[in-house]
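Use the sequences and the hints to build the structure in full.
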Amino acid sequence: MSTLWPRLEPLLARVQKPARYIGCEDGAQVPQHAPHKVAWLLAYPDTYEIGLPNQGLQILYEILNERPDAVAERTYAPWVDLEALLRAHGLPLFSVDTHRGAADFDIVAFNLSAELVYTNVLNCIDLAGVPVRSADRRPEHPLIGAGGHCTYNPEPLADFVDFFVLGDGEEVVAEITERVGDWKRGGRSPGSRERLLRTLASVEGVYVPSMYDVAYDGDRLVAVTPRFPEVPERVEKRTIADLGDWPYPKRQLVPLTEVVHDRLNVEVFRGCTRGCRFCQAGMITRPVRERPRDQVRRMVGEGLRRTGYDEVALTSLSTADFSGIESVVADTVADPANCGQVSVSLPSLRVDAFTVGIAAELQRARRTGLTFAPEAGTWRLRRVINKLIAEDDLYGAVESAYSQGWRRMKLYFMTGLPTETDEDTLGIAELARRCTEIGRRHTRGASVTVSVGGFVPKPFTPFQWFGQNTAAELQRKMWLLRDSLRRDRSVAFKWHDPKATLVEGLASRGDRRMGAVIETVWRAGGTFQEWSEHFDLGLWTDALAAHGLSAEDIVYRHRHQDEVLPWDHLSAGLHKDFLWQDWRDALDEVGLPDCRWTPCYDCGACTGYSIEHVVASATPPAGGSQGTGQDLTAAAAPGAGVPVRLLAR
Amino acid sequence: MRLRFTKLGKVRFTSHRDVARMWERGLRRAGLPVALTEGFRPRPKLSFGLALSTGHESLAEYLDVELAGPLDAVGLADLPTRLSPELPVGIDVVAAAEVVPGQASLQEEVDSCRWRIEALGADVERARTLVDAALAADELVICRQRKGREVTDDLRPAVLSLAVVGPVPGGCELEAELAVHPRSVRPAELLGALSPTLSEGRVLRVAQLIGHDRGRKEPLAAAVDPGAWRAGPGSPSCTIERDPPDEPASTSLAGAERLLERLPPHYEPADHGPAARRDHRPEPVTAGGLRRGR
Numbered sequence: 001m002s003t004l005w006p007r008l009e010p011l012l013a014r015v016q017k018p019a020r021y022i023g024c025e026d027g028a029q030v031p032q033h034a035p036h037k038v039a040w041l042l043a044y045p046d047t048y049e050i051g052l053p054n055q056g057l058q059i060l061y062e063i064l065n066e067r068p069d070a071v072a073e074r075t076y077a078p079w080v081d082l083e084a085l086l087r088a089h090g091l092p093l094f095s096v097d098t099h100r101g102a103a104d105f106d107i108v109a110f111n112l113s114a115e116l117v118y119t120n121v122l123n124c125i126d127l128a129g130v131p132v133r134s135a136d137r138r139p140e141h142p143l144i145g146a147g148g149h150c151t152y153n154p155e156p157l158a159d160f161v162d163f164f165v166l167g168d169g170e171e172v173v174a175e176i177t178e179r180v181g182d183w184k185r186g187g188r189s190p191g192s193r194e195r196l197l198r199t200l201a202s203v204e205g206v207y208v209p210s211m212y213d214v215a216y217d218g219d220r221l222v223a224v225t226p227r228f229p230e231v232p233e234r235v236e237k238r239t240i241a242d243l244g245d246w247p248y249p250k251r252q253l254v255p256l257t258e259v260v261h262d263r264l265n266v267e268v269f270r271g272c273t274r275g276c277r278f279c280q281a282g283m284i285t286r287p288v289r290e291r292p293r294d295q296v297r298r299m300v301g302e303g304l305r306r307t308g309y310d311e312v313a314l315t316s317l318s319t320a321d322f323s324g325i326e327s328v329v330a331d332t333v334a335d336p337a338n339c340g341q342v343s344v345s346l347p348s349l350r351v352d353a354f355t356v357g358i359a360a361e362l363q364r365a366r367r368t369g370l371t372f373a374p375e376a377g378t379w380r381l382r383r384v385i386n387k388l389i390a391e392d393d394l395y396g397a398v399e400s401a402y403s404q405g406w407r408r409m410k411l412y413f414m415t416g417l418p419t420e421t422d423e424d425t426l427g428i429a430e431l432a433r434r435c436t437e438i439g440r441r442h443t444r445g446a447s448v449t450v451s452v453g454g455f456v457p458k459p460f461t462p463f464q465w466f467g468q469n470t471a472a473e474l475q476r477k478m479w480l481l482r483d484s485l486r487r488d489r490s491v492a493f494k495w496h497d498p499k500a501t502l503v504e505g506l507a508s509r510g511d512r513r514m515g516a517v518i519e520t521v522w523r524a525g526g527t528f529q530e531w532s533e534h535f536d537l538g539l540w541t542d543a544l545a546a547h548g549l550s551a552e553d554i555v556y557r558h559r560h561q562d563e564v565l566p567w568d569h570l571s572a573g574l575h576k577d578f579l580w581q582d583w584r585d586a587l588d589e590v591g592l593p594d595c596r597w598t599p600c601y602d603c604g605a606c607t608g609y610s611i612e613h614v615v616a617s618a619t620p621p622a623g624g625s626q627g628t629g630q631d632l633t634a635a636a637a638p639g640a641g642v643p644v645r646l647l648a649r
Numbered sequence: 650m651r652l653r654f655t656k657l658g659k660v661r662f663t664s665h666r667d668v669a670r671m672w673e674r675g676l677r678r679a680g681l682p683v684a685l686t687e688g689f690r691p692r693p694k695l696s697f698g699l700a701l702s703t704g705h706e707s708l709a710e711y712l713d714v715e716l717a718g719p720l721d722a723v724g725l726a727d728l729p730t731r732l733s734p735e736l737p738v739g740i741d742v743v744a745a746a747e748v749v750p751g752q753a754s755l756q757e758e759v760d761s762c763r764w765r766i767e768a769l770g771a772d773v774e775r776a777r778t779l780v781d782a783a784l785a786a787d788e789l790v791i792c793r794q795r796k797g798r799e800v801t802d803d804l805r806p807a808v809l810s811l812a813v814v815g816p817v818p819g820g821c822e823l824e825a826e827l828a829v830h831p832r833s834v835r836p837a838e839l840l841g842a843l844s845p846t847l848s849e850g851r852v853l854r855v856a857q858l859i860g861h862d863r864g865r866k867e868p869l870a871a872a873v874d875p876g877a878w879r880a881g882p883g884s885p886s887c888t889i890e891r892d893p894p895d896e897p898a899s900t901s902l903a904g905a906e907r908l909l910e911r912l913p914p915h916y917e918p919a920d921h922g923p924a925a926r927r928d929h930r931p932e933p934v935t936a937g938g939l940r941r942g943r
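Those protein sequence lines, which keep their order, are chains A and B. When you line the first sequence up against this note's numbering, it's residues 1 to 649, in that order. When you line the second sequence up against this note's numbering, it's residues 650 to 943, in that order.
The hints are simulated quantities; they were obtained by calculation from the structure and are not laboratory data. Glycine included, every Cβ here is placed at the ideal spot set by N, Cα and C. It is possible that some hints are incorrect.
To be verified - Derived CB-CB ranges, DEER-like: (1) A/Gly525 with B/Leu725: 36 to 46 Å; (2) A/Gln16 with B/Ser754: 44 to 54 Å; (3) B/Ala669 with A/Thr225: 52 to 62 Å; (4) A/Arg305 with B/Ala669: 43 to 53 Å; (5) B/Gly688 with A/Tyr412: 45 to 55 Å; (6) A/Thr449 with B/Arg690: 50 to 60 Å; (7) B/Gly688 with A/Pro131: 36 to 46 Å.
Stated by the list, open to error - Not close to chain B: a few residues of chain A, all C-beta gaps over 12 Å, as computed: (8) Gln16; (9) Arg179; (10) Glu194.
Listed below in structure tokens is the structure:
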């Protein structure tokens with residue numbers, strides 16, 4: 001029992017936003033540590049206000065604390081002011097629950113949701129008092145783990161993280177806990193650390209980079225091969241078969257201070273088969289697993305009563321696709337227990353009139369902005385990326401929104417997509433202008449905010465072979481758009497810094513050699529790179545040059561079909577030839593239907609793991625074709641070979 | 650209705666706005682029928698008294714709540730025990746009362762605040778000398794930045810009382826009553842006026858007061874013991890871990906039966922010896938807000 005609170009308390013009076021570090025949230029746990037329990041420190045390598053709402057971390061926090069053989073606490077990256085004070089006073093990274101030093105835990109497990117936090121991961125390991133390189137760690141040091149979407153290319157962090165988890169964490173944390181518990185009871189003798197890592201490497205879904213040799217031929221990666229016979233050649237992701245078995249978080253944390261997404265969040269389904277080709281989340285989380293409708297209702301009702309929130313978000317990758325979304329929304333808004341004061345927000349909405357109808361229903365109490373993500377400015381380019389929103393659907397949705405009283409909307413786009421021409425880029429401006437024209441027919445103050453980010457190709461997507469646009473090219477396109485929209489006062493234009501996009505590209509598809517670059521940037525003080533006031537491209541280009549690497553090789557060039565990709569020894573279930581075919585289809589501007597409601601095209605995500613979609617309705621929602629022209633009724637007919645397990649009503 | 654509550658322990662590091670949010674959620678959790686504002690984003694009708702700086706503790710925070718229904722339906726006497734469990738540890742409701750319609754707002758009503766202030770960098774003897782000199786002085790001039798310009802202020806009229814309570818590690822504790830009109834004088838400004846070598850340690854607002862001299866009173870009286878601020882069992886600032894979730898949250902103060910007892914108009918603080926405490930010297934927080942990169 002060793003809390004650092006008495007030593008931390010005086011420091012907190014001297015930092016910005018000290019409430020980040022006090023814990024005390026409703027739902028926070030005070031776990032009892034004991035020698036027979038495996039102690040997990042779940043770390044989010046960004047500030048508290050970004051990290052606290054993370055649902056993955058909260059889910060594992062509860063699951064682990066429910067186990068008799070585990071405890072779990074949380075930590076977030078301390079802001080630069082507190083970090084300086086911690087280092088000056090010789091204090092380590094600490095948990096916010098009982099303010100215990102990070103090195104008192106058996107496992108420090110990071111949630112990796114974005115690439116720009118990688119230098120923060122190293123900083124947190126160092127602040128924990130643990131050697132940053134795995135090879136330098138001894139039996140007394142905690143294990144460093146990581147999970148989250150970025151682990152689908154873990155190679156840039158392979159030198160620093162002892163084990164990665166691919167896919168859903170709900171089940172695998174139990175298996176890891178058991179093996180680490182054996183290690184702990186065995187007394188962590190010299191040499192035991194490597195034996196433990198070797199044992200972990202055979203747990204399905206766990207990747208231990210030190211158990212693999214990496215071979216290069218000149219500048220080219222040629223193979224990543226296991227060092228021992230029992231270590232798998234290819235690590236498969238973990239997938240929970242049914243979200244209904246995991247009604248977590250049961251006690252969502254209610255922070256005392258302001259955070260992003262400060263509301264009740266209920267995940268209504270996991271996975272998405274819309275098949276947008278740029279979308280890594282949609283590719284790696286297949287198949288679709290819906291939460292039973294009654295469970296959603298219960299989690300919403302109980303959650304609102306317990307937390308006191310007046311807003312609930314029904315989260316997923318495309319919530320309008322949830323079977324029976326209208327009734328769930330209507331019930332929540334109409335529930336007398338909520339006194340008509342609860343608003344429902346649906347992130348990641350499809351673009352069509354159906355969606356606007358729901359939005360109008362759920363925003364009767366409070367009307368916020370409406371956000372659509374057409375992603376590309378022309379129908380041709382939307383076919384390339386398989387975001388199949390036809391012009392009619394789009395303008396129908398816009399018309400419907402303005403006619404129902406919205407005055408502002410946000411439109412999200414990407415630039416630097418495969419096959420993009422200036423005509424496509426300028427199509428964004430054209431589209432935005434047409435939206436404001438439609439808006440002016442209904443309201444004088446109609447305005448549109450256009451937000452554009454540079455496209456970063458991601459592993460396990462059909463675009464993993466595509467050479468990212470250079471930072472200069474992205475900047476040119478941003479300026480092209482800015483100039484085109486300059487005279488239009490009803491369109492506000494925002495863009496993401498192309499320099500940051502370049503670094504995201506380095507971390508997204510770099511191989512193990514990127515580790516040295518990340519370490520050099522971190523040692524030069526490059527933390528919080530996802531914060532514009534701390535981002536420094538110069539640190540990255542210097543480090544690349546120092547280690548003989550180039551952005552051209554890692555980010556900008558197109559990759560060959562027969563080339564070994566840095567993540568080829570991992571699997572998200574998707575067949576590589578499926579992804580390659582989808583890449584060819586993209587270049588041919590051929591769309592691919594949503595397999596939830598049409599016959600299986602065998603991407604591998606279901607068949608490879610003998611699992612199925614779990615949806616309550618085999619009939620797609622109205623407007624569900626999203627302009628593909630699919631004959632959905634025929635496809636949904638019995639006997640069509642659709643791998644769908646229907647939930648009992 | 651008017652509520653009086655504490656802000657003690659870890660929760661002192663939250664901001665005034667954070668506390669407002671805690672209350673909105675706490676009142677909803679308790680199921681109290683709070684009146685709502687009109688408009689696109691209806692908000693509960695709450696009005697808080699004087700803001701408390703982040704990091705300062707208090708035995709005397711106030712909140713006026715406009716109810717949507719009759720007060721009788723709420724059950725005023727049970728409110729402190731009903732509301733406290735819905736609020737974070739360290740925020741405890743210690744008194745509740747009806748507010749007469751048309752009564753002046755808390756902000757307008759309160760004339761002064763009584764503080765306990767740790768003055769670090771001076772022992773009791775030196776502090777007594779500084780205090781005596783300050784009380785004897787005709788003016789206490791400080792310089793401060795206002796809208797980017799340097800202005801001078803005389804604090805002396807705002808210092809209604811000032812005394813040394815006793816030693817604390819690294820310094821001593823003062824008790825001061827500071828006026829809030831025409832502007833609220835901050836404890837750190839008082840220390841700066843006493844001597845530039847003093848720095849602020851822990852700070853506790855003991856009371857907010859209405860009126861002057863013998864006729865003054867608190868907006869809502871409650872039996873609060875400033876000695877319980879740091880020392881003794883149940884003091885949240887000494888509590889490292891939360892109460893187990895299955896037990897009701899304990900009141901940080903002397904117990905529910907004393908909560909509604911009235912204090913004498915002139916509350917004389919008990920003399921208390923040095924409590925076991927840590928030495929710490931806060932510095933001004935660094936300026937500059939945070940922006941998200943994207």
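Against the structure, the hints come out as follows:
no., hint, in the structure
1, A/Gly525 with B/Leu725: 36 to 46 Å, "57 Å, violated"
2, A/Gln16 with B/Ser754: 44 to 54 Å, "30 Å, violated"
3, B/Ala669 with A/Thr225: 52 to 62 Å, "58 Å, holds"
4, A/Arg305 with B/Ala669: 43 to 53 Å, "21 Å, violated"
5, B/Gly688 with A/Tyr412: 45 to 55 Å, "28 Å, violated"
6, A/Thr449 with B/Arg690: 50 to 60 Å, "19 Å, violated"
7, B/Gly688 with A/Pro131: 36 to 46 Å, "56 Å, violated"
8, Gln16, "6 Å, violated"
9, Arg179, "30 Å, holds"
10, Glu194, "36 Å, holds"
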